[in-house]
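Model the full structure from these sequences, guided by the hints.
Protein chains: 2
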Amino acid sequence: MSEFPADPNLDLLGEDTPLLEGMRTARAIRRLKPDPVPRALIRKVCEAGTFAPSGGNRQPWFFIAVDDRKKRRWVADRYRPVFQKYIQPAMDRGKRDNFSDRLMRNMRAALHLAEHLHEAPVLLFIAGFTRRDEPQIQALYPCAQNVLLACRAVGLGASFTSLHRAFGEECDRMLGLPENIPSAVMIPIGWPLGRYGRPPRKSIDSKLFFDEFDPSTLQAERPIE
Amino acid sequence: MSEFPADPNLDLLGEDTPLLEGMRTARAIRRLKPDPVPRALIRKVCEAGTFAPSGGNRQPWFFIAVDDRKKRRWVADRYRPVFQKYIQPAMDRGKRDNFSDRLMRNMRAALHLAEHLHEAPVLLFIAGFTRRDEPQIQALYPCAQNVLLACRAVGLGASFTSLHRAFGEECDRMLGLPENIPSAVMIPIGWPLGRYGRPPRKSIDSKLFFDEFDPSTLQAERPIE
Chain C
1 MSEFPADPNL
11 DLLGEDTPLL
21 EGMRTARAIR
31 RLKPDPVPRA
41 LIRKVCEAGT
51 FAPSGGNRQP
61 WFFIAVDDRK
71 KRRWVADRYR
81 PVFQKYIQPA
91 MDRGKRDNFS
101 DRLMRNMRAA
111 LHLAEHLHEA
121 PVLLFIAGFT
131 RRDEPQIQAL
141 YPCAQNVLLA
151 CRAVGLGASF
161 TSLHRAFGEE
171 CDRMLGLPEN
181 IPSAVMIPIG
191 WPLGRYGRPP
201 RKSIDSKLFF
211 DEFDPSTLQA
221 ERPIE
Chain P
1001 MSEFPADPNL
1011 DLLGEDTPLL
1021 EGMRTARAIR
1031 RLKPDPVPRA
1041 LIRKVCEAGT
1051 FAPSGGNRQP
1061 WFFIAVDDRK
1071 KRRWVADRYR
1081 PVFQKYIQPA
1091 MDRGKRDNFS
1101 DRLMRNMRAA
1111 LHLAEHLHEA
1121 PVLLFIAGFT
1131 RRDEPQIQAL
1141 YPCAQNVLLA
1151 CRAVGLGASF
1161 TSLHRAFGEE
1171 CDRMLGLPEN
1181 IPSAVMIPIG
1191 WPLGRYGRPP
1201 RKSIDSKLFF
1211 DEFDPSTLQA
1221 ERPIE
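Going line by line, the protein sequences match chains C and P. Just so it is clear: in the first sequence, position 173 is 173 by the working numbering, and no numbers are missing. Just so it is clear: in the second sequence, position 215 is 1215 by the working numbering, and no numbers are missing.
Computed cross-link-like contacts, DSS-like style, restricted to lysine-lysine with a CA-CA straight-line distance of at most 30 angstroms:
| id | chain 1 | residue 1 | chain 2 | residue 2 |
| --- | --- | --- | --- | --- |
| 1 | P | 1202 | C | 71 |
| 2 | P | 1033 | P | 1085 |
| 3 | C | 202 | P | 1071 |
Calculated from the structure, these hints are not laboratory results. Predicted, not measured: the structure shown is a model, and the values here were computed from it.
Following this line, the structure appears as C-alpha cells:
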C-alpha cells in the first residue's frame, strides 16, 4: 500500500489542462526520458483511474507501479523478444505493401519503446479481480484510459500495452499478485521526449450513424489486420 | 453516415472544462430530462471517443445514435425486463444485508433509468469489428470512457451499460449492424436531472503499490459480488 503524504506542489500540476482538447491530443507517447517521475505524481494519475465506472461500483482495479531498476530490467528483458516477434511481420508487410509513413513511424516508435523499456522510469501495471474465475480485462480499460488522460494532463508520456501477458503468469508472480488478481495492462510512463499532438484518426462522419448503420460505408472502411 | 455541418455554437461548449476535475466528477448520470439533444453535440462527444487508443490504430468503433422515438421505445421495452431481472436479486440482498444508503441509491437510480429508458433522448450504441470472429469488446471501452468524459465536459448526463447484449442479436439487426460489427456498449444520453459530483471510491492508497503488491491489503478489500 502506498503510504506517503500527497505533495502539494504536484497537487496543482495539470489541473488547468482542458478535458476535450487534452483528450484530442493524448497521442501515445513511446519515446521517454529516463529521468525519474515522483511517486506522488504516479499516485495522482492512478487516483484519476479510480474515477472510472465499474459494474456495481466494484472498483476491481489495483495499480502496481514498478520503479525499481532491477524489476524494470526484468520486465524489459522479457517484453523485448515478445514485442519483436509481434511487430516484425507487420513491419515486413509494411515495407512490402507500402504502409503510410504515419503507420511506419508508429511501429518504429513502438519498437523504440520495446528496445528502451528498461529505461522507462515507471512501468505501471493495472490488475483486477477475476469474476467467476475469469479475468475481467474490459473492466480495467476505462480505468486505464483515465490514467492515460491524466498523464496527458500533467505532462507525462504514456502508452498502453497488454503484450506482457505473453509472460503474464511469471510477471504476476514477480509483482506479488495472487492468481485471482491478474494484471491486464502495462503502461510505461515517463517524461516525453517528443510532443503531444492530435493522433491520426478517421473522420467522425465516417463512424457516426443516426438511428441505423449504413453498410455501404464499409467499402471505404477496412480494418488493418 | 452523419452528414451535417458542425454547429459553431456547440463547438465551444465544454471546451473550458478541466480534464482532471472533470474526470473526478464524472459520476454516472441515470436521471435524464426527456428534452432533445442536438445531433451536433452527439457528434462532438462521439468524435472525442475516436481519440481513444486502439491496437495498431485500427479504430474498430462505430457509433449508432438512436434518437428516433419508436426505436428508443423498442429498445426500452426489451431492456426493462432484462434489467429488472438483473437488479432484483441485488436489491433484495441489499434490503436483507443492509447495503449502504449510497449503494441502494445507486441501484434505485439504475432502476429509474431502466423504467424511463424510452424517455432518454438518445441511446448511443458503440459497436466494433470482430477480430478472428471474436467480438473485441475491450477495444471499445477506452473509446466509451472518452465519450462519457466528453458528455461530462459539455454538461450531458450519461452512463454505461452492456446489459442490452441480453437481446443483442435482435438489437443489432434493428440497428442495421452486420454480424461482424456487434454492438458492445449502450450509453443513454440526455440533459441531467441531478448534478455532477464526485462518485464514492476507495482511497487510492488502498489500491496503489510500488514495486510489489501486498496481499495483506485484501483482508480489508472484498469485492461486492
